[in-house]
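*Asks:* Turn these sequences into a full structure, and let the hints steer you where they fit.
Chains as they are written, first to last, in our numbering: chain A, 11 to 88; chain B, 60 to 305.
To list a few chain A residues with every Cβ distance to chain B over 12 Å, as calculated: (1) G44; (2) S46; (3) N48; (4) L59; (5) P62.
Now the stretches of chain B that chain A is said to cover, found in silico as 3 or more residues with beta-carbon under 8 Å: (6) 73-83; (7) 237-247; (8) 270-284.
Everything labelled a hint here was simulated from the structure, so no lab data went into it.
C-beta atoms are modelled at their ideal positions from N, C-alpha and C, and glycine is treated no differently.
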Amino acid sequence: MKGKPLKAVKVSFDPERCKGCGYCSFVCPKHVIGFSENFNSRGFHYAFLNDPEKCIGCGFCALMCPDIAIRIEVINKD
Amino acid sequence: MKRFTRPRSMTDEMVPYCPGCGHGIAIRLIGEAIDELGIQGETIGIAPVGCAVRSWRLYRIDMMQAPHGRGPAVATGLKRALPEKIIFSYQGDGDSAAIGLAELIHAALRCEKITVFMVNNAIYGATGGQMAPTTLIGQYSTSYPEGRDPGLVGYPVKMAELIANVSRNSYSARVAVNNAKNVLSAKKAIVKAFRTQLNKLGFSFVEILSPCPTGWKMTPVESLNWIEKEMIPEYPLGEYSTPKNL
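*Replies:* Okay, here's the thing in structure tokens:
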């Protein structure tokens, strides 16, 4: 099926851990990560998933995150 | 079921580094390697002085602090007293390539069965961005704002090649954490370094090229591009020595 993700994954960002370095959006092949206009409690613009429908679940964002703020869960196995 | 979470061998502490610091990636990769090899109970880490010292809070393993640069010396003592434990030292480039160079080279010469991870960000990050032995030619630093002049202060030191030359049957590799592909090969090198120690083959050393946006006075994304354009041509990635039977 064209345009469908390979696996059903849930990518969640922890806004309190994020320092807004932008590595996740830099390596994202689909450019679906954006930065909030609000601040977290440490004063950073935190990352969030702009367009969850387009996310393919490659995991590059989590690989590059220096603050371990990204968590990826597989929702179903097939 | 594949998923990505915080490694089990790491605590829930916040990563205490500046935004975009490569230490967070390197520390996480070591945690993932410890999980993968199942050695959380047997591992003792050493964190000498510098930004690297703040890693002790992040691991759920025994950690020990060493005086500046003396990580390999403390690791030697620990390994000889407790030969069944897995000992690693997590150091920066100022720590291992400047003040602790003698300890590191002699630990490598003696073929101690320890693992040293050196995070190379080409600058003294913890003290405010002064010139380090690994600073590139022409690179800005607060102690040489006009750029490193090789006629005055010499050329950058290449640690992975140095260790490969002095230590027999050692594992020595240089990796980077500037994109997803390099992060994956960095993890493979870290696992191989631990395997070298687990199989009692010899000294293992991994140099990790890492961004320091605060010290380099760049944005985090600019610093990733700077590693790709300037640092990797000067410090080529790859394995410089691999022990037999690994």
